[in-house]
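Peer 1: The lines below spell out each chain.
There are 2 protein chains.
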Amino acid sequence: MSDKNNTKENTEKLTVGKSEDFSEWYNQLVQKAGLADYAPISGCMIVKPYGYSLWENIKSWFDKKIKKTGVQNVYFPLFIPESLLKKEAEHFEGFVPEVAWIERKDEKEEKYALRPTSETIMYDTYSKWIRSWRDLPLRLNQWCNIVRWEVKATRLFLRTREFLWQEGHTAHVSLEDATEEAELRANQYKELMETQLAIPVIMGKKSKSETFPGALYTIALEALMPDGKALQMGTSHNLGQHFAKVFGISFQDKDKQEKPVFQTSWGISTRLVGAVTMVHGDDKGLILPPRIAPIHVVIVPIFKNDNKKAVLKEVNKLKESLDDDFEIHVDDRDSYSPGWKFNEWEMKGVPIRLEIGPKDIEKKQVVLVRRDNGEKKPVKIKGIEKVIEKTLDLIHNNMFERAGKFLKDNTKNVKDMQQFEKLIKDGKMVRTYWCGNGKCEEKIKDKTSATIRCIENENAKTKGKCVGCSTESKTVVYFAKAY
Amino acid sequence: MSDKNNTKENTEKLTVGKSEDFSEWYNQLVQKAGLADYAPISGCMIVKPYGYSLWENIKSWFDKKIKKTGVQNVYFPLFIPESLLKKEAEHFEGFVPEVAWIERKDEKEEKYALRPTSETIMYDTYSKWIRSWRDLPLRLNQWCNIVRWEVKATRLFLRTREFLWQEGHTAHVSLEDATEEAELRANQYKELMETQLAIPVIMGKKSKSETFPGALYTIALEALMPDGKALQMGTSHNLGQHFAKVFGISFQDKDKQEKPVFQTSWGISTRLVGAVTMVHGDDKGLILPPRIAPIHVVIVPIFKNDNKKAVLKEVNKLKESLDDDFEIHVDDRDSYSPGWKFNEWEMKGVPIRLEIGPKDIEKKQVVLVRRDNGEKKPVKIKGIEKVIEKTLDLIHNNMFERAGKFLKDNTKNVKDMQQFEKLIKDGKMVRTYWCGNGKCEEKIKDKTSATIRCIENENAKTKGKCVGCSTESKTVVYFAKAY
Chain A
37 MSDKNNTKEN TEKLTVGKSE DFSEWYNQLV QKAGLADYAP ISGCMIVKPY
87 GYSLWENIKS WFDKKIKKTG VQNVYFPLFI PESLLKKEAE HFEGFVPEVA
137 WIERKDEKEE KYALRPTSET IMYDTYSKWI RSWRDLPLRL NQWCNIVRWE
187 VKATRLFLRT REFLWQEGHT AHVSLEDATE EAELRANQYK ELMETQLAIP
237 VIMGKKSKSE TFPGALYTIA LEALMPDGKA LQMGTSHNLG QHFAKVFGIS
287 FQDKDKQEKP VFQTSWGIST RLVGAVTMVH GDDKGLILPP RIAPIHVVIV
337 PIFKNDNKKA VLKEVNKLKE SLDDDFEIHV DDRDSYSPGW KFNEWEMKGV
387 PIRLEIGPKD IEKKQVVLVR RDNGEKKPVK IKGIEKVIEK TLDLIHNNMF
437 ERAGKFLKDN TKNVKDMQQF EKLIKDGKMV RTYWCGNGKC EEKIKDKTSA
487 TIRCIENENA KTKGKCVGCS TESKTVVYFA KAY
Chain B
37 MSDKNNTKEN TEKLTVGKSE DFSEWYNQLV QKAGLADYAP ISGCMIVKPY
87 GYSLWENIKS WFDKKIKKTG VQNVYFPLFI PESLLKKEAE HFEGFVPEVA
137 WIERKDEKEE KYALRPTSET IMYDTYSKWI RSWRDLPLRL NQWCNIVRWE
187 VKATRLFLRT REFLWQEGHT AHVSLEDATE EAELRANQYK ELMETQLAIP
237 VIMGKKSKSE TFPGALYTIA LEALMPDGKA LQMGTSHNLG QHFAKVFGIS
287 FQDKDKQEKP VFQTSWGIST RLVGAVTMVH GDDKGLILPP RIAPIHVVIV
337 PIFKNDNKKA VLKEVNKLKE SLDDDFEIHV DDRDSYSPGW KFNEWEMKGV
387 PIRLEIGPKD IEKKQVVLVR RDNGEKKPVK IKGIEKVIEK TLDLIHNNMF
437 ERAGKFLKDN TKNVKDMQQF EKLIKDGKMV RTYWCGNGKC EEKIKDKTSA
487 TIRCIENENA KTKGKCVGCS TESKTVVYFA KAY
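Respectively, the protein sequence lines represent chains A and B.
Numbering-wise, the first sequence is residues 37 to 519 according to this note's numbering.
Numbering-wise, the second sequence is residues 37 to 519 according to this note's numbering.
Keep in mind that the hints were calculated from the coordinates and are not lab data.
Owing to the predicted nature of the structure, the values given are computational and were not obtained by experimental measurement.
Hints may contain errors.
[Said to hold, decoys possible] Quick list of in silico lysine-lysine cross-link-like pairs, PhoX-like style, CA-CA up to 25 angstroms:
| hint | chain 1 | residue 1 | chain 2 | residue 2 |
| --- | --- | --- | --- | --- |
| 1 | B | K510 | B | K444 |
| 2 | A | K147 | A | K164 |
| 3 | B | K103 | A | K101 |
| 4 | B | K122 | A | K49 |
| 5 | B | K100 | A | K101 |
| 6 | B | K441 | A | K95 |
| 7 | B | K103 | A | K377 |
| 8 | B | K54 | B | K441 |
| 9 | A | K340 | A | K54 |
| 10 | B | K244 | A | K290 |
| 11 | A | K100 | B | K54 |
| 12 | B | K54 | A | K290 |
| 13 | A | K281 | A | K265 |
| 14 | A | K141 | B | K188 |
| 15 | A | K100 | B | K147 |
| 16 | A | K395 | A | K340 |
| 17 | B | K122 | A | K141 |
| 18 | B | K290 | A | K188 |
| 19 | B | K122 | B | K290 |
| 20 | A | K188 | B | K345 |
| 21 | A | K147 | B | K413 |
| 22 | A | K122 | B | K141 |
| 23 | B | K290 | A | K344 |
| 24 | A | K265 | A | K226 |
[Said to hold, decoys possible] Partial list, computed: chain A residues near chain B (C-beta under 10 angstroms):
| hint | residue |
| --- | --- |
| 25 | L200 |
| 26 | F339 |
| 27 | S371 |
| 28 | P374 |
Glycine is no exception: its CB is placed at the ideal position from the N, C-alpha and C atoms.
Build the full structure now, drawing on both the sequences and the hints.
Peer 2: See the structure below:
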């Protein structure tokens, strides 16, 4: 994508370590690994091919998953009339500071917003489409761009004024069905994060203050980043009948009664690419989870002028034998040394590197190097596909375990505010009792900047004292600072 | 998607024939077949699940095609700063009446437009990414939404204020490479239209007046709609060095000289779904080209209460045996008669219907009905997958031939203006000599509303008289009214 000799991309190593200056490390890595670039518009990003491939792989896995469980894709307009956006007051209040509006061309036309989320425009239409219990469940999803005119500092993938996401919007005959749906999608997100991104997540309901505006409750999936801040990875909202009543979405039930539907909405975004970068990366660059990596194996041939042809012949034979099962890239560029190439592919986080030179060819072997732990060993070419398959699984498991250990080691049970403050300051996630009172939560936030990321259990077997106000409580929650 | 008893979708047949009132027929069909719906925003549409599946299938085929030929996907911002959009005057003038702007939140920030196309924002970035001949060719593509605030009357899929498309943007070291690229993409579009959509197209350069603002030349793919109007199905632009000079995209060549790159851009949009609807549909509904049809085969079991279980058992066995190779849908709803179901699936244009009742089961057969020609015949269940495969190909070929015959029958060679006017009035496409003068073209347009859709040949073997001004010419063109 750019001249390796003239531009900064890829050539230069990261100039700061991950533990040294996490924020700067992240910004450098996103750009140097070719994931994204700053756009010539404040707060916006350009998703580059390598970063976009990651999003395509996430999308493709999840899209299959939801289609198998009854979801159909659609596309609703980017524009939302002001009257619709304002129809549900709490929802509107929640989004209005970030809403971008288009300049009116015709004063007779209504004012239009750019979608900050699509509940309002979709549900206005649902009220026309849904008539009877036979139309339910209705499960629609769209992959689209979203605009939120952030005033806070923006960061590539984590907070930008435009991002890509999917938003699922379903309607059901009963609260039970909606509850089941909201849980199903939350569980599918968990599966995505754990089995594809190798990121362990904590899942639970949000407290009222962090609940989606207009929802009955929000199930959140939260991951702990290496700097001790939690990142919201996805949310699934049980909307109850709230929007249905506001937008008049009712159905005739089997008993001939007109009833409002029960609804859910749920979403994940390109933010996940940022999470993968932060959780797994190291001082050499990205470490990509094998199942979403755009390239599984990079082959670096080691040759001189006199044996180049012979080496490349073997390399291409090897590539062809693996092409059906894996994404293989051969780096046969003349102008770079093998060492330079090793650095580049380490920066890009390719899970497996195969080095192959004349001596390896004699021995009918290659040298296999794992990106996740640097392990290096010779492998016979015969039967190598099985070794690669197994190694990719080992890498995934190792990455998931490592991230799991980090989460475990950095999640602390606390009983009093002193401990709490110290641990939050030290970049820990804190597990504690909470009285359930929003004011108490607010006080803790003011004091420590930590918020409730999610509720582990609202009805724990044992009681404990709320960390904020010492009231006896059965509600166990996770507190952390958050992105 | 909606209660078949209460809403208009699907239940009602089309109330006008295709030849009776083409425009009304089209509007009804798009909605009744479940392709799209009007949005609560003037000039915008909602792409419904069935219509979106068609777009997904088109997208999936073309995305694979371009990835195999060196293209990578990316995502650039929706927003374009005014200064970038205005940088190339001709380009800006071409788009400005349709550009939508967002309201400024901060007077210190620049004014932002919503992308009417992405040349300007992408090429500004290309100027930073491209340094050397080693970075070329650069071939990027994005699938995204586009905003053009139409003032003309809008129509579902054909002209809406927002639509979905892909835009490819490439950069090369030489004019030859750019020429080859522009032709490659045009040919891939032709292949898509002919082998997937079963729509024959005429391909050729545009005259200057219809060339993309800023391009050296535009290759257009044009299809003739049943009402005698041409529809532009896709375009591929050779941009030469024009944008490269304006945006400063230069590379250091092997000879160490800095040179501007040569570029192309090319796109197709959701408009293609409209083309498929118009070209193939009939008075009963859609007729979908098998290779993009969301459902290949609908199975309608014929049962009564006493034999329902036995029939459904056979039907499900049949479905399972075909599921791996085709998209199969079983319509086992109780509340509708087989005849009602036949009508519905004909409206939705499913290529093959299989009817199966107790007598068929006894005979180990099903009744196969083709949507394209209504042909109905019994087929043995044993070996049916081969019959289906072959029949889908036959349907595709028949549809393509039928559309080809229509195109041929309605394209007429003319020599004088009198003939020309009469034929254009009768809804024909006209093949004729043209002097090459824009003013002459303009006069013809004013008189007949017909425009040059594309140039067949700029250097024909025989000369002829320009239909407008009688000047001798070697340029053969197609004229038609257009969407």
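Peer 1: Hint by hint, note whether the structure agrees.
Peer 2: Results for each hint:
| no. | hint | result |
| --- | --- | --- |
| 1 | B:K510 <-> B:K444 | 22 angstroms, holds |
| 2 | A:K147 <-> A:K164 | 22 angstroms, holds |
| 3 | B:K103 <-> A:K101 | 24 angstroms, holds |
| 4 | B:K122 <-> A:K49 | 38 angstroms, violated |
| 5 | B:K100 <-> A:K101 | 21 angstroms, holds |
| 6 | B:K441 <-> A:K95 | 41 angstroms, violated |
| 7 | B:K103 <-> A:K377 | 24 angstroms, holds |
| 8 | B:K54 <-> B:K441 | 18 angstroms, holds |
| 9 | A:K340 <-> A:K54 | 36 angstroms, violated |
| 10 | B:K244 <-> A:K290 | 63 angstroms, violated |
| 11 | A:K100 <-> B:K54 | 37 angstroms, violated |
| 12 | B:K54 <-> A:K290 | 38 angstroms, violated |
| 13 | A:K281 <-> A:K265 | 37 angstroms, violated |
| 14 | A:K141 <-> B:K188 | 14 angstroms, holds |
| 15 | A:K100 <-> B:K147 | 40 angstroms, violated |
| 16 | A:K395 <-> A:K340 | 12 angstroms, holds |
| 17 | B:K122 <-> A:K141 | 19 angstroms, holds |
| 18 | B:K290 <-> A:K188 | 46 angstroms, violated |
| 19 | B:K122 <-> B:K290 | 33 angstroms, violated |
| 20 | A:K188 <-> B:K345 | 61 angstroms, violated |
| 21 | A:K147 <-> B:K413 | 57 angstroms, violated |
| 22 | A:K122 <-> B:K141 | 19 angstroms, holds |
| 23 | B:K290 <-> A:K344 | 23 angstroms, holds |
| 24 | A:K265 <-> A:K226 | 19 angstroms, holds |
| 25 | L200 | 6 angstroms, holds |
| 26 | F339 | 19 angstroms, violated |
| 27 | S371 | 8 angstroms, holds |
| 28 | P374 | 18 angstroms, violated |
When the structure is compared with the earlier hints, violations turn up for hints 4, 6, 9, 10, 11, 12, 13, 15, 18, 19, 20, 21, 26 and 28 and for no others.
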